[in-house]
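Generate coordinates for the entire structure from the input sequences, incorporating the hints supplied.
Line order of the protein sequences matches chains R and G.
Here this note's numbering is used: the first residue of the first sequence is 1, the next is one more, and so on.
Here this note's numbering is used: the first residue of the second sequence is 1, the next is one more, and so on.
Since the hints were made in silico from the structure, they are not lab data.
Quick reminder that beta carbons are idealized off the backbone N, C-alpha and C, glycines included.
Hints are not guaranteed to be accurate.
[To be verified] Incomplete in silico selection of chain R near chain G, CB under 10 Å:
(1) Val412
(2) Gln413
(3) Val489
[Claimed, not checked] Mimicking BS3-like on lysine-lysine, the simulated pairs with C-alpha atoms at most 30 Å apart in a straight line are:
(4) Lys470(R) <-> Lys246(G)
(5) Lys52(G) <-> Lys28(G)
(6) Lys470(R) <-> Lys28(G)
(7) Lys179(R) <-> Lys13(G)
(8) Lys470(R) <-> Lys13(G)
(9) Lys222(R) <-> Lys246(G)
(10) Lys246(G) <-> Lys13(G)
(11) Lys13(G) <-> Lys177(G)
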Amino acid sequence: MGPYPCGSAAGGWEGVRSEAQCTAAPDIDGLLAGAGYRVRSSDLCQVAQRLERLESAMVYNSGGGHADYDHLASDAVHYNPSDLASWVDSMLSELTPADPGPVRHAPAPDGWVDQIYPQPQRAVAARMEEEEDSGIRLVHLLMSSAEAIQRGDAALSGSLIDEMRLLLTRVNTGFGIGKVAGYFVDALTRRLYSVSSPAASGSPAEYEILYHHFYEASPYLKFAHFTANQAILEAFDGHDRVHVIDFSLMHGLQWPALIQALALRPGGPPSLRLTGIGPPSPDGRDSLREIGVRLAELARSVRVQFAFRGVAANRLDDVRPWMLQVAPGEAVAVNSVMQLHRLLTDPDSPGPAPIDSVLSWIHGLRPKIVTVVEQEADHNKTGFLDRFTEALFYYSTMFDSLEAGRANGSAVQQQQATAVAEVYLQREIRDIVCCEGPDRAERHEPLVRWRARMGQAGFKPVHLGSNAFKQASMLLTLFSGEGYCVEEVDGCLTLGWHSRPLIAASAWRADDLEDNARPVPDNFIFSSISSTSNTNDSNNNNNNNNNIINGNGSMLRRNSNNNSRSSDSSSQQESIHGM
Amino acid sequence: MAGSNEVNANESKMVVPLNTWVLISNFKLAYNMLRRPDGTFNRHLAEFLDRKVQANATPVNGVLSFDQLIDRSTNLLVRIYRPTPILDTEDPQTSPSPATSSIFSSLISCPSPDPFPVIIFFHGGSFAHSSANTAIYDSLCRRFVSLCNAVVVSVNYRRSPEYRYPCAYDDGFTALKWACAQPWLHSGKDSKLRVFLSGDSSGGNIAHHVAAQAIESGITISGNILLNPMFGGQARTESEERLDGKYFVTLQDRDWYWKAFLPEGADRDHPASNPFGPNGIDLRGLPYPKSLVVIAGLDLIQDWQLAFVEGLKKADQDVKLVYREQATIGFYLLPNTDHFHEVMEEIKCFVSSNC
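Set out below in structure tokens:
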């Protein structure tokens, strides 16, 4: 198979890597920036001095004999190596507790990162298969067909699809380009011939099954959970009452590990609240509660004080902060694995998108940490051909990695998990290719855009360090298929296959959060409106919220245990307590 | 030791620009943390600290790059750098618009009807560090494309200590054979692969050994370009003793890297490290390619590098030596010295006259 470049040729960023001067913020040394390091020219001298001191300190600590820097390598946690001054300072403070102070450096101006590391069109690792010519032809036909659709030439697109179907009979569709092409031909067919708007099929229960198999068949979700848990654990350090808000509970697969890690915390576990958001169960079963019960049992078995609340909502923007019942004095973690992109709209459409209001109320919760994991791709492009191309290359890499997992897994279970995992991905492909406007949910955007968005919403990055990196790398060694790669990019971690990042994990906190825990401001004490919360009138609730936000901060707080249910699309569920 | 370190810092600071000094010192200290006395390597931390860049199929300054997996069994990736492709307007009926054709089919199109060089590049890192997508090497490869109007194939070879000799050489040879099998890399009326092997530090060592291996396969190589190639031997040479610890590199770390790369129990007179030493091969009369060897006068292993050049000459092979007296290791990483610019010119001339 030929090479798989990424994306269209549009939107290049010429001139960023010119030898003499980067289009960076002024005063950043352009040549070092090209090497991946951000240092202000005015700081160069000081950084050099600090490097000398670091070397002396390392030599000193080696005891004069055989140099042993093990301490720095194995115990110290490294963050954001691109910020060279900070890195040197952190190494120095590990070795020399009494330190005259760090290199003076202001935080990089907003948007600087975008200028040095804008999301380029990435090339996907190619595959050399025997059906190289047929494979190349398939890709060629796919792109032509997509372009015809964009131009409105349904007839040409249809005939190209027929040609592709024919070609697929000659190509091995068991793996490689044949497999992923098949899914895209299917998606194109649906787009062309479906009468009604092809909404995502299947029930939430079915989706959960697909999700579970994708979880089993590949390391992506495990990486997401793992990395987020690490950041949450670190953010909860020193707090006795902690509250995790999970934007998509699913089977709660992420939380046993965190519960166990908290149980083993030096000094004892905090009391943990978990609020899990998920779709309402159509058949009257309370699936959220069931998961909460299981997690509560686990928590009890490891002696962690635990309380669970389920919030049933079809869409994240139906959730209101008062439903989460954040209590004063508790440390809040907001966890979103592949959810935020559903709140985006078409980039061209005017007006605010749901993401803005959601990020705003998250910010209002003053969370200690917000963990965000998203697909590392630009599938939110307006132009169909661009979007199609990007998706083709993204999913072919993703399928390739699944394939390697299947080939290496011996158990029948593994094979089955892979097959069903493909169906999970097929839903995403169909959504991206077939759906337009509000029907399209899989609006993946790359990390660089999320960074900008989180920054604008008032969040500061919390850097994921070398310990998270190392453990993620070790997690991957459990998966045969040596093609996985973890990378650190400006404090975030990505997991990819054959040098193409596919998943990006980042962590954030509200930018005016002080290190000492602050009580939650009065305008988010919503217990006084709980008595009116159970109507179908969400407007009423909003008004109440607004009144409180705008009102006097000296409202009385009443702690309420709200056990009522309502029948509207968003409702609160009973609390479940462990221990 | 601390005292002499201060002296050393002052010496090395006097011969390189400040940003170069910061860059290479940073590498030195980070690398110190990664090598363990027991011979193991902190790979996780190494990968975390390494600054990498993504390939970019959109041309930047006339150069684009993409990654390709060339051997599934070893997960061998190469990053290919090439000049902006000429658009394919052959078939207006079914050929996609310029937007799509420039994405795909033209990536692996012949860059030019005229003969063009293909430079297979092996990055440095003393066999243990760096990757094809490390930022400093991405920059260097892009520069080679513009400099020589070449296609550059940067090989992500397996590194020690996890993969010892001969893995890196095998990967290099795999890349060479792969290049031979790519029609789009052949150029000129005689449709030939005009391939150069090049590398810095350990990459230079790999380039030599791949060239030697290519002899028996009958593959013609137009030239070798070795930048500060990494060689060594059991004896302690004058330059090693004189320059130990003075310009970023110590004898101790050189010993560590050889120990990590060479087979267990081998000493530094193994032909991998010492190709013209007591266990070396005789290249006389064999079609070994022309070589351009660049040596930095402040590199402590220069005596071994000079011995390599001597060895080539004694075997009646064509070798040009470029000796930069006041240059340190890594001078080719940042374009801020005469060493850099003059050596780039030498490389340009060498490639164009042997293409």
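Outcome of the hint check:
{"no.": "1", "hint": "Val412", "result": "24 Å, violated"}
{"no.": "2", "hint": "Gln413", "result": "25 Å, violated"}
{"no.": "3", "hint": "Val489", "result": "8 Å, holds"}
{"no.": "4", "hint": "Lys470(R) <-> Lys246(G)", "result": "33 Å, violated"}
{"no.": "5", "hint": "Lys52(G) <-> Lys28(G)", "result": "18 Å, holds"}
{"no.": "6", "hint": "Lys470(R) <-> Lys28(G)", "result": "21 Å, holds"}
{"no.": "7", "hint": "Lys179(R) <-> Lys13(G)", "result": "57 Å, violated"}
{"no.": "8", "hint": "Lys470(R) <-> Lys13(G)", "result": "34 Å, violated"}
{"no.": "9", "hint": "Lys222(R) <-> Lys246(G)", "result": "47 Å, violated"}
{"no.": "10", "hint": "Lys246(G) <-> Lys13(G)", "result": "10 Å, holds"}
{"no.": "11", "hint": "Lys13(G) <-> Lys177(G)", "result": "43 Å, violated"}
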